[in-house]
Amino acid sequence: MQRTLPLPKKRTMIIAFLPPLLIFAFVFIFPLIFSLRYSFTDWKGGLSTQFIGFDNYKELLFDSNFWNSLKNTVTVTVLVVIGQVGLGFIIAVFLVNKYVAWRNVHRTLIFLPVVLSPVVVGLIWTIVYNKRNGFLNLFLSNLGIQNIPLWLSDPSIVLYSVSIPIIWQFIGLYMIMFLGSLENIPKSILESADIDGASTYQRSIKIMLPMIYPTFKVAMMLCISGTLKIFDQIFVLTGGGPGQSSMTMSLYNYRVSFDMMRFSYGSALSIAMIIITLLITGFSLRVLGGKRYE
Amino acid sequence: MSNKVKKITPIQALLNLIVSLFTISCVFPIIWMTYTSLKSGKEYQENILSLPSSINFENYVQVMRNANFGQYFYNSFIVSLLTLTLVLILASITGYFLSRFKFKGRKSIYAFFMLGLVVPTHAWLLPMFIQFNNLGILDKRVTLVLPYITFAMPTAIFLLESFIQSIPIEMEESASIEGCGVWQSLWKIILPLCKPMLATVLILTFNTSWNEFPFALVLITKDSLKTVPVALSMFTGTYTTNYPQLVTALVISIIPVVVFYALFSKKIMEGMVAGAVKG
Chain L
1 MQRTLPLPKK RTMIIAFLPP LLIFAFVFIF PLIFSLRYSF TDWKGGLSTQ FIGFDNYKEL
61 LFDSNFWNSL KNTVTVTVLV VIGQVGLGFI IAVFLVNKYV AWRNVHRTLI FLPVVLSPVV
121 VGLIWTIVYN KRNGFLNLFL SNLGIQNIPL WLSDPSIVLY SVSIPIIWQF IGLYMIMFLG
181 SLENIPKSIL ESADIDGAST YQRSIKIMLP MIYPTFKVAM MLCISGTLKI FDQIFVLTGG
241 GPGQSSMTMS LYNYRVSFDM MRFSYGSALS IAMIIITLLI TGFSLRVLGG KRYE
Chain P
1 MSNKVKKITP IQALLNLIVS LFTISCVFPI IWMTYTSLKS GKEYQENILS LPSSINFENY
61 VQVMRNANFG QYFYNSFIVS LLTLTLVLIL ASITGYFLSR FKFKGRKSIY AFFMLGLVVP
121 THAWLLPMFI QFNNLGILDK RVTLVLPYIT FAMPTAIFLL ESFIQSIPIE MEESASIEGC
181 GVWQSLWKII LPLCKPMLAT VLILTFNTSW NEFPFALVLI TKDSLKTVPV ALSMFTGTYT
241 TNYPQLVTAL VISIIPVVVF YALFSKKIME GMVAGAVKG
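Line by line, the protein sequences are chains L and P.
Heads up, the first sequence is in the numbering used here, so the first residue is 1 and it goes up one at a time.
Heads up, the second sequence is in the numbering used here, so the first residue is 1 and it goes up one at a time.
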């Protein structure tokens, strides 16, 4: 800890910290406490509430739709992590290469989708995937390909179809993160590798990868925790369908709570979602090693 | 571009090609949407790639007037403006106090503020709805401001706190000896020096509030208070066939963020990556 100023009066400290702490408590803590309480009742939004113990959680254990949504969430997260972190890294490696022209133009434009609303990105891709005259189908049929799959209504491929827009949108974020740390690798190390005759592949895997591991770890954690709560793009693209085939945890929670108006069961789902997400991120952190927060 | 690089090998050409194709995929949708917004429905059906045969702003008139987009745009703007004003005030104070004073519970308070980055915020959709409903504060102009402040604060506090740490403390020390109060130091010495970082926080906060979707979907049901992303998500249901109008609505909705990005792309990239690295 560096040098500090003499501590001001207690009253000043309270004036400084109380408003934001109250807002945080109001938005995060109180709703959580109330929902925890509702999750043990049969409340459906009306006046009558009865405590029913762990019934909602028992239902959750045997709710195949919930477990399906968890499976979908994990599948999408794996796809998105591979796509975003993987392609972000590859493009960053391309862009530190001095033989690529207009490097600054590339990095600025590849980052552009990151600032767009996920809803906008979802809608752009509904146009891309459109059955009748979407870009993708027009392109494929011009190549003479027949039997084009139904991108968003075939349950066997829909999870891939919804992952692609999510990957595409955020590659730029990971690219910039990796570029930042790749540019910090001392030139001398790369030059001596060149002199020793290392190939581009060897340079990337053997030298760059270990040196950017801290960034890699942060990127993985950011990507995992961001994708576990994925909602916007899939809501716009498929709404979780067809059937339950692209339903993720937060979408399923939304459907139960706001379409079926099952507030008590929805509360139990919210609690379960917090616990499961924290377990998965905690586990990922253990696997990747080290601490994420000081 | 190959004439700019001398003695280009096939592999280098391939690298350039791959990167360029990807870059084009990132820009093309925006260019396509811009000129498609000038096409009629009939033209669109005939060929989705062709340029408009004439410049026609009919879609904009339709979307702004009949689809009520002027209202949604205004709503989003007010919510974002309120959010970023409050975040700038609260985060500067919090960041300043956290970086300049050592007191019991400092670390816990800091960790508490970073909570929003660790937890899956979407799990709060129903809990927050229930609480806001019980208190009768759904469907108000300020409804969305509360969650949006909470979502923007962690990054804002982190950025400002670390920025203030990097400012030498001597000036404030001598100011404090001369009897200058804490608030005065913050206002007169620190905030003017923080301007670049405050600008970054401002842009990032604007971006997250402008783009936020699920909480706006759940906490606002009154049409007259809906924000742009929610209105866009309803568009597909109501106007299934009219793609040029949907595209026009998309163009209108991205104007603020794209203009900001065109002006401050470097700052935005740095800020988002710095904020993300903390998360």
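Rather than coming from a laboratory, the hints here were simulated on the basis of the structure.
Just so you know, even glycine gets a beta-carbon here, dropped at the ideal spot from N, CA and C.
Treat the hints loosely; a few may be bogus.
[As the list claims (entries may be wrong)] Simulated restraints, written as ranges between beta carbons of each label pair:
| id | chain 1 | residue 1 | chain 2 | residue 2 | range |
| --- | --- | --- | --- | --- | --- |
| 1 | L | Asp259 | P | Phe77 | 26 to 36 Å |
| 2 | L | Leu7 | P | Ser162 | 12 to 22 Å |
| 3 | L | Asp259 | P | Lys102 | 46 to 56 Å |
| 4 | P | Leu51 | L | Ile195 | 51 to 61 Å |
| 5 | L | Phe34 | P | Gln45 | 46 to 56 Å |
| 6 | L | Arg286 | P | Ser162 | 22 to 32 Å |
[Stated by the list, open to error] In silico SDA-like pairs for lysine to any residue, Cα to Cα no more than 20 Å straight-line:
| id | chain 1 | residue 1 | chain 2 | residue 2 |
| --- | --- | --- | --- | --- |
| 7 | L | Lys10 | P | Asn242 |
| 8 | P | Lys222 | L | Asp259 |
| 9 | P | Lys102 | L | Lys44 |
| 10 | L | Lys10 | P | Lys140 |
| 11 | L | Lys9 | P | Lys42 |
| 12 | L | Lys9 | P | Gly105 |
| 13 | P | Lys104 | L | Ile15 |
| 14 | L | Lys217 | P | Met114 |
| 15 | P | Lys104 | L | Phe17 |
| 16 | P | Lys102 | L | Glu183 |
| 17 | P | Lys188 | L | Pro8 |
| 18 | L | Lys98 | P | Thr23 |
| 19 | P | Lys104 | L | Lys131 |
| 20 | P | Lys102 | L | Leu21 |
| 21 | L | Lys9 | P | Lys266 |
| 22 | L | Lys10 | P | Thr23 |
| 23 | L | Lys131 | P | Ile93 |
| 24 | P | Lys267 | L | Glu183 |
| 25 | L | Lys44 | P | Lys42 |
| 26 | P | Lys102 | L | Leu18 |
| 27 | L | Lys9 | P | Leu135 |
| 28 | P | Lys140 | P | Ser185 |
| 29 | L | Lys10 | P | Leu90 |
| 30 | P | Lys107 | L | Thr12 |
| 31 | P | Lys104 | L | Leu5 |
| 32 | L | Lys10 | P | Val218 |
| 33 | P | Lys267 | L | Ser192 |
| 34 | P | Lys42 | L | Ile15 |
| 35 | L | Lys98 | P | Gly181 |
| 36 | L | Lys9 | P | Lys267 |
| 37 | P | Lys266 | L | Glu183 |
| 38 | L | Lys98 | P | Gln12 |
| 39 | P | Lys107 | L | Met13 |
| 40 | L | Lys10 | P | Lys102 |
Verification of the supplied hints:
Checked against the hint of 26 to 36 Å, the C-beta distance between L:Asp259 and P:Phe77 comes to roughly 30 Å, which is consistent with it. A hinted range of 12 to 22 Å holds for the C-beta pair L:Leu7 and P:Ser162, which are about 21 Å apart. Range check, L:Asp259 to P:Lys102: Cβ separation about 51 Å, and the 46 to 56 Å hint holds. In this structure, P:Leu51 and L:Ile195 meet the distance hint of 51 to 61 Å, their C-beta atoms being roughly 52 Å apart.
Checked against the hint of 46 to 56 Å, the C-beta distance between L:Phe34 and P:Gln45 comes to roughly 51 Å, which is consistent with it. Between L:Arg286 and P:Ser162 the CB atoms are about 27 Å apart, so this pair conforms to the stated range of 22 to 32 Å. Between L:Lys10 and P:Asn242 the CA atoms are separated by roughly 61 Å; this puts the pair beyond 20 Å, and the hint is violated. Between P:Lys222 and L:Asp259, the direct Cα distance comes to roughly 17 Å. Compliance with the 20 Å bound is thereby established for this hinted pair.
Between P:Lys102 and L:Lys44 the CA atoms are separated by roughly 48 Å; this puts the pair beyond 20 Å, and the hint is violated. Of the supplied pair hints, the one linking L:Lys10 and P:Lys140 is violated, its CA atoms being roughly 35 Å apart against a limit of 20 Å. Simply put, L:Lys9 and P:Lys42 have alpha-carbon atoms about 70 Å apart, too far for the 20 Å limit, and the pair is violated. With a CA separation close to 16 Å, the supplied pair L:Lys9 and P:Gly105 stays within the 20 Å bound.
A distance of roughly 16 Å separates the Cα atoms of P:Lys104 and L:Ile15; the hinted pair therefore holds under the 20 Å criterion. Taking the CA atoms of L:Lys217 and P:Met114, the gap is about 18 Å. The hint holds against a cut of 20 Å. Distance check on the hinted pair: P:Lys104 and L:Phe17 sit about 13 Å apart at the alpha-carbon level, within 20 Å; holds. Taking the CA atoms of P:Lys102 and L:Glu183, the gap is near 35 Å; set against the 20 Å cutoff, the hint is violated.
Distance hint between P:Lys188 and L:Pro8 is fulfilled; the C-alpha atoms sit about 17 Å from each other, no more than 20 Å. Pair hint L:Lys98 plus P:Thr23 holds up; C-alpha atoms about 17 Å apart against a cutoff of 20 Å. Taken as a hint, the P:Lys104 and L:Lys131 pair is broken in the structure, with Cα atoms around 61 Å apart against an allowance of 20 Å. Using a Cα cut-off of 20 Å, the hinted pair P:Lys102 and L:Leu21 holds, with the two alpha carbons roughly 18 Å apart.
For the hint linking L:Lys9 to P:Lys266, the alpha-carbon distance of about 40 Å lies beyond 20 Å, and the restraint is violated. Annotation: proposed proximity of L:Lys10 to P:Thr23 is violated, straight-line Cα distance about 54 Å (limit 20 Å). With a CA separation close to 53 Å, the supplied pair L:Lys131 and P:Ile93 exceeds the 20 Å bound. With a CA separation close to 18 Å, the supplied pair P:Lys267 and L:Glu183 stays within the 20 Å bound.
For the suggested pair L:Lys44 and P:Lys42, the alpha carbons sit about 48 Å apart, so the restraint of at most 20 Å is broken. Distance restraint check for P:Lys102 and L:Leu18: the Cα-Cα separation of roughly 17 Å lies within the 20 Å cut-off, and the hinted pair is therefore satisfied. Taking the CA atoms of L:Lys9 and P:Leu135, the gap is about 34 Å. The hint is violated against a cut of 20 Å. This hinted pair does not check out: P:Lys140 and P:Ser185 have alpha carbons roughly 36 Å apart, beyond 20 Å.
Of the pairs offered as hints, the one joining L:Lys10 and P:Leu90 holds, with about 18 Å between alpha carbons and a cut-off of 20 Å not exceeded. Of the pairs offered as hints, the one joining P:Lys107 and L:Thr12 holds, with about 18 Å between alpha carbons and a cut-off of 20 Å not exceeded. Among the hinted pairs, P:Lys104 with L:Leu5 is consistent with the structure: their alpha-carbon atoms are about 14 Å apart, no more than 20 Å. Pair hint L:Lys10 plus P:Val218 does not hold up; C-alpha atoms about 39 Å apart against a cutoff of 20 Å.
Straight-line distance between C-alpha atoms of P:Lys267 and L:Ser192 comes to about 34 Å, which puts the hinted pair past the 20 Å bound. Between P:Lys42 and L:Ile15, the direct Cα distance comes to roughly 61 Å. Violation of the 20 Å bound is thereby established for this hinted pair. Restraint check for L:Lys98 and P:Gly181: the C-alpha separation of about 53 Å exceeds 20 Å, so the hint is violated. Distance hint between L:Lys9 and P:Lys267 is unfulfilled; the C-alpha atoms sit about 37 Å from each other, more than 20 Å.
Pair hint P:Lys266 plus L:Glu183 holds up; C-alpha atoms about 16 Å apart against a cutoff of 20 Å. Proposed proximity of L:Lys98 and P:Gln12 is supported: the alpha carbons are some 10 Å apart, at most 20 Å. Note on P:Lys107 and L:Met13: the hinted pairing holds, with a Cα-Cα distance of about 15 Å set against a maximum of 20 Å. Proposed proximity of L:Lys10 and P:Lys102 is supported: the alpha carbons are some 13 Å apart, at most 20 Å.
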